[in-house]
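Chains as they are written, first to last, in numbering that gives the first Met the number 0: chain A, 0 to 427; chain B, 0 to 427.
It cannot be assumed that every hint is accurate.
Identical chains share a label here; the pair holds if one copy fits it or two copies do between them.
[Unchecked claim] Straight-line C-alpha distance at most 25 Å; calculated SDA-like pairs for lysine to any residue:
hint	residue 1	residue 2
1	Lys372	Gln229
2	Lys206	Asn122
3	Lys349	Leu329
4	Lys165	Asp398
5	Lys124	Arg91
6	Lys372	Asp298
7	Lys124	Gly53
8	Lys349	Arg7
9	Lys120	Leu175
10	Lys120	Ser199
11	Lys372	Gly420
12	Lys206	Tyr32
13	Lys165	Ala400
14	Lys165	Gly397
15	Lys124	Gly368
16	Lys206	Trp54
17	Lys416	Phe111
18	Lys124	Ser280
19	Lys349	Leu135
20	Lys252	Arg91
21	Lys416	Val205
22	Lys252	Ala319
23	Lys372	Ala383
24	Lys416	Leu31
25	Lys252	Thr369
26	Lys372	Glu123
27	Lys372	Val242
28	Lys124	Arg95
It should be emphasised that the hints constitute simulated quantities derived from the structure, not laboratory data.
On a predicted model such as this, the values are computed, not experimentally measured, just so you know.
Number of protein chains: 2
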Amino acid sequence: MSAPAHPRPGTASILAVGSELLGTTRLDTNSLYLTGRLEALGIGVVRKACVGDGWNELLAEIPLALSRAPLLVVTGGLGPTDDDRTKEAVARVFDRPLVRDEAILRGLQERFRRRGIDMPKVNEKQADVIEGAVVLANPRGSAPGFLVTAGGGTVVLLPGVPTEMKGMWVETVEPLLVCGGATGAGLHRRTLKVAAMPESLVETLVKPVYAAYPDVPFTILAAPGEVQLQFAARGTPEEAFRVLDRIESDFHKALSGEIFGRDDDTLEGVVGDLLRLKSQSLALAESCTGGQLAGRVTDIPGSSDYFLGAAVTYANAAKADLVGVSAATLERHGAVSEETAREMALGARKRFGATVGLATTGIAGPGGGTPEKPVGTVHIALDAADGTRVHKRLLLLGDRALIRRWTTSTALGMLRKHLLGIPDGGRR
Amino acid sequence: MSAPAHPRPGTASILAVGSELLGTTRLDTNSLYLTGRLEALGIGVVRKACVGDGWNELLAEIPLALSRAPLLVVTGGLGPTDDDRTKEAVARVFDRPLVRDEAILRGLQERFRRRGIDMPKVNEKQADVIEGAVVLANPRGSAPGFLVTAGGGTVVLLPGVPTEMKGMWVETVEPLLVCGGATGAGLHRRTLKVAAMPESLVETLVKPVYAAYPDVPFTILAAPGEVQLQFAARGTPEEAFRVLDRIESDFHKALSGEIFGRDDDTLEGVVGDLLRLKSQSLALAESCTGGQLAGRVTDIPGSSDYFLGAAVTYANAAKADLVGVSAATLERHGAVSEETAREMALGARKRFGATVGLATTGIAGPGGGTPEKPVGTVHIALDAADGTRVHKRLLLLGDRALIRRWTTSTALGMLRKHLLGIPDGGRR
Chain A
0 MSAPAHPRPG TASILAVGSE LLGTTRLDTN SLYLTGRLEA LGIGVVRKAC VGDGWNELLA
60 EIPLALSRAP LLVVTGGLGP TDDDRTKEAV ARVFDRPLVR DEAILRGLQE RFRRRGIDMP
120 KVNEKQADVI EGAVVLANPR GSAPGFLVTA GGGTVVLLPG VPTEMKGMWV ETVEPLLVCG
180 GATGAGLHRR TLKVAAMPES LVETLVKPVY AAYPDVPFTI LAAPGEVQLQ FAARGTPEEA
240 FRVLDRIESD FHKALSGEIF GRDDDTLEGV VGDLLRLKSQ SLALAESCTG GQLAGRVTDI
300 PGSSDYFLGA AVTYANAAKA DLVGVSAATL ERHGAVSEET AREMALGARK RFGATVGLAT
360 TGIAGPGGGT PEKPVGTVHI ALDAADGTRV HKRLLLLGDR ALIRRWTTST ALGMLRKHLL
420 GIPDGGRR
Chain B
0 MSAPAHPRPG TASILAVGSE LLGTTRLDTN SLYLTGRLEA LGIGVVRKAC VGDGWNELLA
60 EIPLALSRAP LLVVTGGLGP TDDDRTKEAV ARVFDRPLVR DEAILRGLQE RFRRRGIDMP
120 KVNEKQADVI EGAVVLANPR GSAPGFLVTA GGGTVVLLPG VPTEMKGMWV ETVEPLLVCG
180 GATGAGLHRR TLKVAAMPES LVETLVKPVY AAYPDVPFTI LAAPGEVQLQ FAARGTPEEA
240 FRVLDRIESD FHKALSGEIF GRDDDTLEGV VGDLLRLKSQ SLALAESCTG GQLAGRVTDI
300 PGSSDYFLGA AVTYANAAKA DLVGVSAATL ERHGAVSEET AREMALGARK RFGATVGLAT
360 TGIAGPGGGT PEKPVGTVHI ALDAADGTRV HKRLLLLGDR ALIRRWTTST ALGMLRKHLL
420 GIPDGGRR
């Protein structure tokens, strides 16, 4: 067995240190943030690793990582306890001594004094610095970070606490990397989002766009009820954004009206902005989604500007009493039917005095299905004061959580199209 | 720079292959499952890594991993496309040829035929096997896996698709590892769950339990509105469960009545079981939680057995109209008040004809706070047909999502104690 060991220029690797990252519950999420920031500087991440805080593990992993990429970002293991040995390990690997820094020591003591306690003896070691390293100030915590360059490799040491790590990255590491010339043409990512459309249908529609940009990396990601189109361009922000804007516009043409937002946009946020912009108000009647649709709408700060309320009518008696579904409809068509959904939407709108009523009823499973109405049968209806009436019948696959999420995304997607005046597949 | 390179016996490392795992959105969640299964076999995970599907990366990483632990589990990169080279890389590292397996080829062709399509030429390479390797059948997908042992190291190759990976692990890999004697005294984990108690308070109460078991690894994890106590014991399942049961019983004593469940239990599931067991029915009135509480209750399959519905009364008019909060109360005390919460709970119970009514009202922020009622002020009330009336006032810190989650957990925790007849801190 032999391994080629040529670090690739302009690349980085990430090492997360902490035994808790080797258990069954926690993942290293810091690396997602670091990857985005590194890519924007033109530095691609070629590998990531997690190790515990054992001394031998650290001494082995740091050279391994530097054999694969010339820049190594290490997070975690900078605290005051015996388990925190990252700094010592990097010093050993680079054969540098640790030196007590009196200014840092006084700063630490002052930090504790402000909180009204004497600094424990163990914290003193946080004032030790790697000789010849750039010390990275950590205004949000007690452990400083380090940037060490030697033998063609650079190691950046940051604390594992996300807020401390992120603040130090932006305020100290990026300026040093840029000044040090470590950066190349930045990679800038963009994500466009489509609601409640099957991934395969989106893929068919956007294929011509992929074909028109053979050099652009495209990814299509499916989350329940949502499809994301991810792509990226390299260059200065201005250059890259020009390319990204052109691709985005091509995607909009290919998917006319189906893209609801980009990057951090959420469907509930976009719909909320539209409701506010159009001075409309919303009321809901929910059966199979059981409050989740209202929960999504009210996730948005300020949603009380346009959201009046919801009737979660799980029991049939509640469908009749709260939103006025007629006994005849329930008996003739059943609770899961187009007719019930329509009466629920109308009833919610009237009951809350809203301009738009939106209703869901269906069988989320796993029980309750019949041959005529299998699990996944869902009816969604929209009823507006302007006379618009829309109904959609879905036959969804998947488990209870997936069926409920798809239903809320489809309902919000219908509402978005109604507010924008975009014709929808639903029957009017 | 020099690295010690002694693989630790009885340990494993995990390598996830796929460029999508080096981006800004996806993490390797397969490793959490694999870690739990390996630990139960007595095999500790000492490192995890992610790399792209580049040929040089794979040729470098596989020996690196084997230098740290004698067992390496690789997931991903077994598909039919040019990007899928994991199998070729392992063959190269171990200096073994790939051989076309005619039986696997026929199986693949048959698989495609059943779906009514001819097998694409690219899929043929999925019938290539590493000479001398154990071929691991994959009944859920097209790519078989492999177990290769050579030079003191063992590599297990599995697909990256979680359902395929998990099925193959349980059905083929574990039996091979157990027969091969690779396993030691298993590590068995247990998690106990506490709702809506501050982490620091839980920590103070359970400290004596930690102290009584100096050799047991304890972790306390805080999720919004929930604290988890994790611990583990080594041995055969019988031996380990005996120790875990004793510790669990000590935790129950230390936290009298506060532990609602263990391992995969959810608060909404436990509360649902209690409602069904006690033949009780539930109705909700939600303001600040905006449907999220109903959403959690109805996440549970079969919740229609006990859940009648919710009035999500975001607007004040809805509080009056749907659950009968009096105009005088709203005017004198405001929508965020003990009085409003109590009337909402009573009104919800009566409106839906339930045995228990539960209500939330508060200021989730970021806007809407005043000096008297700052963001995070929340009132929760419970009203039962047996005459029980409970009210709790919270002052929560954190953002909107955190405040809403804490509120739903506190409300469900109150309901659980009511159903169990456990006295609660709330005023009656």
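Non-conforming hints, listed in increasing numerical order: 1, 8, 9, 11, 12, 15, 16, 17, 18, 19, 20, 22, 23, 24, 25, 26 and 27
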